[in-house]
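Trainee: Sequence:
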Amino acid sequence: MNRDIILQTNKLGKYFYDPIKFKVLDDVSFEVSKGEFLTIVGKSGCGKSTLLYCLSTMDTNYDGEITIANQIVTGQKIDNLAVIRNEKIGFVFQFHYLLPEFSCLKNIMIPALKLGKYSYDEIEERAYQKLEILGLKEQALKPASKLSGGQQQRVSIARALINDPAIIMGDEPTGNLDSKNSETVFEIFKQLSQDFGQTIIAVTHDTDFAKASDRTIEMADGKIVNHNKII
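If you count by our numbering, then the sequence shown holds residues 1 to 231, one letter each, in order.
Please note that a few of the clues may not be correct.
As the list claims (entries may be wrong) - Taking lysine-lysine pairs in the DSSO-like style, the calculated list, with each CA pair at most 30 Å apart, reads:
1. K180 x K106
2. K34 x K106
3. K142 x K106
4. K190 x K146
5. K106 x K23
6. K211 x K88
7. K114 x K190
8. K106 x K14
9. K146 x K106
10. K34 x K146
11. K77 x K137
12. K137 x K190
13. K137 x K106
As the list claims (entries may be wrong) - Distance windows between CB atoms, simulated:
14. I20 x E138: 49 to 57 Å
15. K190 x D63: 29 to 37 Å
16. G197 x V83: 37 to 45 Å
17. E65 x A220: 18 to 26 Å
18. K23 x N226: 15 to 23 Å
19. N80 x G13: 17 to 25 Å
20. S145 x D178: 17 to 25 Å
21. T207 x Q129: 28 to 36 Å
22. N226 x K11: 14 to 22 Å
23. D79 x D121: 25 to 33 Å
24. E65 x S148: 36 to 44 Å
Please keep in mind that the hints were generated in silico from the structure rather than gathered at the bench.
Remember, predicted model here, so these are calculated numbers, not experimental data.
Cβ coordinates follow ideal geometry from the N, Cα and C atoms, glycine included.
All chains, full assembly: derive it from the sequences and hints.
Mentor: Spelled out as structure tokens, the structure:
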């Protein structure tokens, strides 16, 4: 595989069986380059969220093959996948899922403490660095519950960055935000991609968010129906 390709899918297929058998992913193949900001769009039920969960290694029940950072993840044991997720993938969801009683700093540190690659002091310093990038360093010691919705989502982005993942995956990352905060999150993603070479894959219903990304994959009935070129 080309060393600039950070993720590759080959003929992904997946069925759902309830209430009846139907194919939710149908021969889905594409590549994502390092540093690319990719969005995945389509109507509800088109398969885009299912695709993201397969890419994230949280759903392993599919046909085909997924490669992340030159490593085939398909067929790996559950324990190995947990390590791959924590080390190579950062997650940003529609809801921030922060621990409200923990400080912003502690919330950000959790994935790195779990990974165990750095000392506590090193992880704390890295967490401060991520907060500084996102303009929240002065909020570091505040409980997460005391921040605004937009600030909480920025903390969740810092948390996703703490292990320097190969890819940040977003599931409707602006879905719970107003237009101003949605624009802020988009600008952060764009900066991470352009200035830091961070690869981002985000499922979204936000048309403006998708249009301003580097490339958009449109899905319908489990298939890729439109594959816009990198701008």
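Trainee: Would you mind marking each hint as holding or not holding in the structure?
Mentor: Okay, the hints, checked on the actual structure:
| no. | hint | in the structure |
| --- | --- | --- |
| 1 | K180 x K106 | holds (27 Å) |
| 2 | K34 x K106 | holds (29 Å) |
| 3 | K142 x K106 | holds (10 Å) |
| 4 | K190 x K146 | holds (27 Å) |
| 5 | K106 x K23 | violated (41 Å) |
| 6 | K211 x K88 | holds (26 Å) |
| 7 | K114 x K190 | holds (28 Å) |
| 8 | K106 x K14 | violated (37 Å) |
| 9 | K146 x K106 | holds (14 Å) |
| 10 | K34 x K146 | violated (35 Å) |
| 11 | K77 x K137 | violated (38 Å) |
| 12 | K137 x K190 | holds (20 Å) |
| 13 | K137 x K106 | holds (13 Å) |
| 14 | I20 x E138: 49 to 57 Å | holds (54 Å) |
| 15 | K190 x D63: 29 to 37 Å | holds (34 Å) |
| 16 | G197 x V83: 37 to 45 Å | violated (23 Å) |
| 17 | E65 x A220: 18 to 26 Å | holds (23 Å) |
| 18 | K23 x N226: 15 to 23 Å | holds (19 Å) |
| 19 | N80 x G13: 17 to 25 Å | holds (23 Å) |
| 20 | S145 x D178: 17 to 25 Å | holds (19 Å) |
| 21 | T207 x Q129: 28 to 36 Å | holds (33 Å) |
| 22 | N226 x K11: 14 to 22 Å | holds (19 Å) |
| 23 | D79 x D121: 25 to 33 Å | holds (28 Å) |
| 24 | E65 x S148: 36 to 44 Å | holds (42 Å) |
Hints 5, 8, 10, 11, 16, counting from the list given before, are not met by this structure.
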